[in-house]
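Top to bottom, those sequences are chains A and B.
The opening residue of the first sequence carries number 1 in full-length UniProt numbering; numbering runs sequentially from there.
The opening residue of the second sequence carries number 1 in full-length UniProt numbering; numbering runs sequentially from there.
If you're looking for bench data, these hints aren't it; they were derived computationally from the structure.
There's no promise every hint is true.
Since copy identity is lost for identical chains, a pair holds within one copy or between any two.
Said to hold, decoys possible - Cut-off 20 Å, straight-line C-alpha distance, at most; resulting in silico cross-link-like pairs (SDA-like, lysine to any residue):
{"#": "1", "residue 1": "246", "residue 2": "311"}
{"#": "2", "residue 1": "341", "residue 2": "158"}
{"#": "3", "residue 1": "288", "residue 2": "111"}
{"#": "4", "residue 1": "341", "residue 2": "284"}
Just so we're clear, the structure is a prediction, and the values are computed from it rather than from any experiment.
Number of protein chains: 2
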Amino acid sequence: MANPKKSILIIGGGAVGAIAALNLEAGGLATVTIVLRSNYNVVKEHGYHIESCDHGVLEAWRPSVVRKTVPNITEEELQPYDYVILATKNIPDISPNALDLVTPALPKNSNRTTLLLYQNGLNIEKPFVTSHPNIPVLSGISMIGSDEPSPGHIIHGEGEKLKVGAFKTSNINPAVGERRAQEFVELYGKSGKTDVTYSPDVLYDRWKKLVYNASLNPICAITGLDSGRIRLADGGVEGLVKPAMKEIVAAAKACAGVELDEGIVEWTINADPLESYLKPSMQQDLEKGNFIEFENLVGEPLREGKNAGVPMPTLEVLYQLARAIQWRVRDERGLVDIPKKSADGSETTIG
Amino acid sequence: MANPKKSILIIGGGAVGAIAALNLEAGGLATVTIVLRSNYNVVKEHGYHIESCDHGVLEAWRPSVVRKTVPNITEEELQPYDYVILATKNIPDISPNALDLVTPALPKNSNRTTLLLYQNGLNIEKPFVTSHPNIPVLSGISMIGSDEPSPGHIIHGEGEKLKVGAFKTSNINPAVGERRAQEFVELYGKSGKTDVTYSPDVLYDRWKKLVYNASLNPICAITGLDSGRIRLADGGVEGLVKPAMKEIVAAAKACAGVELDEGIVEWTINADPLESYLKPSMQQDLEKGNFIEFENLVGEPLREGKNAGVPMPTLEVLYQLARAIQWRVRDERGLVDIPKKSADGSETTIG
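Please model the complete structure; the sequences and the hints are all you need to start from.
Here is the structure:
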């Protein structure tokens, strides 16, 4: 049979993974298996309810296969997937086992499967490249407005822009990764609904997106001001956003030789329309009581920049505040043991 | 009549001013007039309800005179007060008119009145010294646990430690300020309930207290962690509190020649008992939706330190975050005009 469908496993079927699944199946070139956790029961029974700016309203929609666990392809004697897409949140300080999660779905002695990391931030490929040196690893950077207000209910409000390219590793011929990335772009673009492009320079893309994600994203989360209000607030742009963004631009150059345009700071500040008062992902997560994805978005560029000798005083403080706030979320969820409040503890303070 | 009572005007009768009034009248050497704003009606009609660790429970207690406005001593043909105590919050970015507030109560051509600023932070005396060069200005630094959960209801949970001394100015013989400060200590200590001491070095006291108030206070407010939890949180002490405190210690030395003990950082970190999980004032204010006193606590030491060439990267970011958060409080109270939300504004985001 000529041109059989590609088999694709998507791990994580929240607001982003569900739209990826929908778009891939809509293109007709892929058969999608999706692995769900918190919304498994709802989707298994009723399917997704999707309101998509690109695909319209779908009731009871399901990808070809809906699973509760990541398949162990050896034990289940499954053919290796053509693509395995990791579309979960990336919170290594809370869930350090992304590698363990994906490994059962990857073939041990074959490079037939391509791994696509559909996540933001820096150095996310490192653990996979080390443990699976023969598996090509792709980078997927998605700009999408999509939310899951209740399990299985997806509101896709803003069309996706996706950039896909190959992480460069010392083990694999660069041509292999490039070919896989270009093939994926074809699969993903086939629906005609999504703006997906092949990217020859993954590091450039990632550092460019960090100009937003390492600065505005934590600053909005910490101050409780959305990306419009932070531009109006006293000192928001000049005192916080610009200094942070400039540190990232300097780190990109020093760490990866990535030369970002001179106008990148202004461009990124104005990327969200002010009057939309959009809340970046970390701010949304905090408001929902969720953990924030700060290690790969703030911590890694900070560590890389400092290692390269770039002064990053603003990022340093934002990072430490994000760590402390992440601890607060753990505390609010009862996940840390702290000494009992003393009986005579007054509510007042000496401050 | 030998040793007549001193006349004292207290402007601001919240949790701190009310206890000062009570303590002064309890000593029997002073007659207190208090100026109230938000709790005027309640106190005028029913008096204060005070539960004090030092003075016991008092029902319907009132100082000698309760007023709604600051007296204009010229128009009302009043004798100048011996002491005028300013015990309001100090939020110059929101209420820049502390000087205008106090001025009607100060004599124009006499130095009979002493002004006591019962407020934290740096450079709070500057506007008064400039506009009233003949009035001795005292510094009152109070460590007290006192709260006003509802208007006129004061819970004084932790005994007060008060340090009083004179700000040094070029216009007034230092001996005058010293004598007035020592006299006030006598008046205030007469009740036998309060730990009040004369301080020969006001700047030392203020910088010492800033080690707490410029660091832990905003850090707890920004992270939402109390002064116990910040010590337990990832990176709280090493990443945030210590760097901030060390910057203040360096600024104290460079700006004012104030040499703080080597152990001051550790001492200040452990000043609140961990297991009491006390919330510093800025954190309490934010949780109540109140403005925060950050300009004199963080902004002034930052500006002074930077002027003296001290690197203060941590304080800089904390200050800018505090500014942005103060703007948020103004926005939440409807006090800023911002462009209308665009009709098509989606709740989702590209972050």
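Check: Which of the numbered hints are not met once you compare them with the structure shown?
Finding: 3
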